[in-house]
Amino acid sequence: MKWDTCDPKTAYVLHLADDALILGQRLAEWCGHGPILEQDIALTNISLDLIGLARQYYQYAAELMGEGCTENDLAYHRDSRAFMNHLICEQPNGHWGDTLARQFYFDTFHFFQLEALAQSSDERLRHIAAKAIKETSYHAQYSAEWIIRLGDGTEESHAKIAQSLRHFAPFAHEFFVASEVDRAAAEADFGPKVSDLSSSWEEKVNAILQLATLDPVDLGFPKKGGKAGLHSEHHGYLLAEMQSLARAYPDASW
Amino acid sequence: MVDNEALERALESVMDPEVPVLSVMDLGLVRAIYQVKEFIHVDVAPTYTGCPAMDVIHERIKVSLEPFGETIIHSVIDPPWTTDWMTEAGKKKLEAFGIAPPVGKASDKRTLWAPSPNVRCPRCKSERTDLVSLFGSTACKSLYQCQDCNEPFDYFKCF
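If you read the sequences in order, they're chains W and X. If you count the first sequence from 1, position 153 lands on 179 in the numbering used here, and the numbers rise without skipping. If you count the second sequence from 1, position 43 lands on 867 in the numbering used here, and the numbers rise without skipping.
Don't read these hints as lab results, they were simulated from the structure. No experiment lies behind these values; they were computed from the predicted model shown.
Heads up, incomplete: computed chain X residues facing chain W, CB under 7 Å, no partners named:
id	residue
1	Thr-873
2	Ile-901
3	Phe-983
Okay, the calculated bits of chain X under chain W, using three or more residues with CB under 8 Å as the criterion:
id	region
4	874-882
5	948-959
By construction, the Cβ of each residue, glycine as well, lies at the ideal position given by its N, Cα and C atoms.
Next up, chain W with everything else stripped away, as it sits in the complex (with noise of 0.2 Å):
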C-alpha cells in the first residue's frame, strides 16, 4: 500500500479518520473503569460514536486510494508515522479531569470543523458531517457540562481541572496551525481554512470556562507535528494495542 503518497484528499480523509480512531481507543480504555457505571457508559458511548466515524472516513480513504485497500488495511495495517491525528488525541486518558479537559477542547473544535466540512466542496465529506455533527454536538454538551461542574465544584476539583485545562491547551493550538494537508485541503475547498475556526472555538470554550469560574484559556506554544505524522511516545504503545490481533492474524474476521 502507499499511504505515505496518496493525493491531497485522501490525505485529508485519513488525517479526520485518524483522530476520530485515536480519540476513540483513547476513551474505550475507560471500559470498566469509569468512576460510576452512568459515566463509564457515557464515555463508552462516546467512543463507539467517533469510531463508528473512523470507520466512514476511512471507508471513504479506502475507496479513494482503490487497487482493493480496505478500512481494515488502513486502521489495522499502517505504523505510527503514517497516522495524521492531532497529538490530543492519542494523550494519556490520566485522571477523570484530564480526560475530560481533553474531550472539551476536542470536542468543541470538532463541532465548528463539522460545521464548517457540512459545506465541503465535496459531497461525501459533505453528507458524512451533516449526521457526525449531531452526535458531536452531544458530545460537546456532555464534555462542557463536566467542566462546568468540575470547575464550580470544590476547591480541589476545581484546582485539578483548572490543572489539566492548562496541560492541555498547547495541545488544543494544534488545530488551528494548519499541516500541509490542511493548506492543501482548504486550497481545494473540501476542508476549512483551520486558522478560521479559532475565534468560534476561543468564544465557545471561554463562556464555558466563565460559568465553571476558571481563567480564559492560553493556548500557548503550540505543541504539534501530529498532523504531520510526529508523534508523542504514547501514539506507538496505544497502536501496538489497538493492531496487535490485525497483524498477528492478518486474515482475521469479526
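With chain W's structure known, arrange chain X on it following the hints.
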C-alpha cells in the same frame, strides 16, 4: 415483481434488536424499496454512525424478505436519519414499553448546548423529571429519573 406493499408489511415485523417493540418501519429506517431485475433493493438509514445494531438490522431485513427474493441493502447517510421520521404509532409503542419517546422536532437541533426538553415519565406521566446522564444504555438514549415516582427510565433522544 412483488408488490411493494407486501414487502413493507414484511418489514413491519423486523424489530430493532435494542428496542424490540419498534420495527424498522416505525423507526423510519427504511428510506426506499425498489426492484431491479430479480433483486430487491432496500435503502436503510443508519441511526447512529457507530450503532452496533445496524449489522443485525441489515441481516434481519434480508431474512424477512427472503421469501420474495434476494435482497441488497444500501446504507444511505444522506439525508441523515432523524427521530422526526419515527411514526406516531412507533412513539406510542415506545412509551408503552417504558421508554420516553423523543420530544419535539430535531430539525433545529444543530445548535450547541440547546436547553434540555421536558421529558414525560413513561410510568406515571409526570413531567417533573431530571436528566441523570446524556448517554444511556445505548447511543440513542439518555437516562432520566422521575421526581414523582422515582423511577429511572430511558429517554429516546431527539436527534
